[in-house]
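Those protein sequences? They're chains A and B, same order as listed. Quick note, in my numbering, the first sequence goes up one by one and the last residue is 503. Quick note, in my numbering, the second sequence goes up one by one and the last residue is 74.
Heads up, a few of these hints could be off.
Stated by the list, open to error - Keeping only pairs whose Cα atoms sit at most 27 Å apart, straight-line, the calculated DSS-like set for lysine-lysine is:
| # | chain 1 | residue 1 | chain 2 | residue 2 |
| --- | --- | --- | --- | --- |
| 1 | B | K2 | A | K487 |
| 2 | A | K493 | B | K18 |
| 3 | B | K2 | A | K399 |
What the hints assert, rightly or not - Which chain B residues face chain A? A few, computed with CB under 10 Å, are given here:
| # | residue |
| --- | --- |
| 4 | K2 |
| 5 | G5 |
| 6 | K9 |
| 7 | V14 |
| 8 | N35 |
| 9 | A40 |
| 10 | V48 |
Simulated from the structure, these hints should not be mistaken for laboratory data. Remember, it's a predicted structure, so these values are computed and weren't measured experimentally. We put the beta carbon where it would ideally sit given N, CA and C, even for glycine.
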Amino acid sequence: MLKKIRIAFSLLFFVLITLFFFDFAGWMPVQFHVLTKIQFIPALLALNVGGLIFLILTTLILGRVYCSSICPMGVYQDIVAWFSKRFNKRKKYTFSKAKTVLRWITLIVVLTSFLFGFSFAVGLLDPYGAYGRMVTHLFRPAYLLGNNLLDNIFTSFDNHTFYQVSIYSLSLFSTLIALLTFLGIGALAWRNGRTYCNTLCPVGTTLGFLNKYALLKLQFGDGCGQCGKCSRNCKASCIDVKNKKIDYSRCVNCFDCIGVCDFSEMKYTYAFKLKKSEQSDKKIDQSKRRFITALAVTSVAGTKIFAQKFPLPKKHQIKKQLPIAPPGAKSIEKFQDKCISCHLCVSKCPSHVLKPAFNEYGFNGIMQPLVYFDKGFCNYDCTLCTEVCPTGALTELTKEEKHVNQMGKVQYVKENCIVYEYETQCGACSEHCPTQAVFMIPYKGELTIPSTNTNICVGCGGCEYVCPAKPYKAIYVEGLKVHNTLKFRKEKKEEVKIDDFGF
Amino acid sequence: MKTSGPRGKSEADVVLSKGLFMSQDIVAVDTAATNFFNQAREMPLERVSYLAKAQSMKVGSMNLDKLKIKKIKM
């Protein structure tokens, strides 16, 4: 019964979070972002006190239910393990010693590197962020492909329920990391169940520690004959039947053991009924650590070599000095400290202006999203990314706040402009500018040419996106270290009364 | 819309004029509308150069005086 409740909750959280990432048509209300805001590391980074209290209390009362139900990465591993069991009916888990030292060293390394401003490690190992990248870069493209196939089929029958969406790779590096996470954690889950949760995951280590003090715990009954069936079905490998002991730092409260026990001798009851005896094993699997370090180093170095661009021989090539941090970032520094690269904003942006960075923010900011204008420009009235961000890396902005938020500054390159080069009429940049930071001034004869006022530019990139100049744009947005709040002179609305026909 | 079209930046860019033009002659209706717009912002017929071009191609007429026009005020 408990297992069924656990599975129902797990699937509910997992499906809703995944669909929230998938949804491109806006049929899921934005309020579903609460599911991402109660994820442990996002709640911690956002200093979401309510969310943290909820998570810590549930852990102290019910045990590590976060790991078994709320965390999408945990559920992903359970799904893989379930398939692995379908595949090999005789699959057995065995009790293994706790990797206590590895766990705590990983946690301490993640924590200290974070405190020293190196947030990449948190972003890489946070289970929610890692799952978000898997969805954004692997599952979502597949979902969009399915949508397009359905559209093809339905449209051929004159049914227009679906519409085509474009599918493209946002970032090779992030896709690669997502793929490595998917395969790596997937392979561990296929072989040994919850290995990731109980070795590398910083949340798993923290909640595992709290779990030792949980009110309700799984316990052996007095009549247990030590047949070991529970241990063979424990995907956390935490049941030591010989000594009738459960390692609570690793137990994720999946309740599988209760279900398989033929004698109902595995019970979920109050902890004070438990005899006090806990021990930890001190043994680190050095080879695994070496493997993981080597994997991280080669994957970073390898892609960096591949990504070196070949310089194009043209005078007025645009090179942005700074990346544009998304709206609500406030400053690159604050944004970088809090962003775990879950890419929820990347998935949700309706204008497709967010993509994971490669080296634009520097090594530390690898995979953190930046604003780019190849596929569209930032909608003046849209605040969606700031609303869904679970970690507070993007502070929520109202529409009015966004209208005065300067995330970048316009730069005009006259030599690239088609009005200058071909003496033809244009002005597309000015037509798209929501604040008239780009405006047209008289040029030769009837021609007008763009001019800019960076003091009222919001950095939306409308001008950069529409600029027809090739191969290099004549107008682009340069990023800012710190976002500015703009002041606009209030324009007086001229009262024009038209009473006459005029002809 | 007087300026900053088509995006616009504030309410100051627009005038609520409440006019409606209907005609079978597309050149005539644009000529009338240009004259009407001229009241909100200066817009002589010469500036809207396609009107004269269309007339010379016999798409329609710019000579509003020769047409039967009903002007209704509500």
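Broken hints, by number: Per hint list: single violation, 10.
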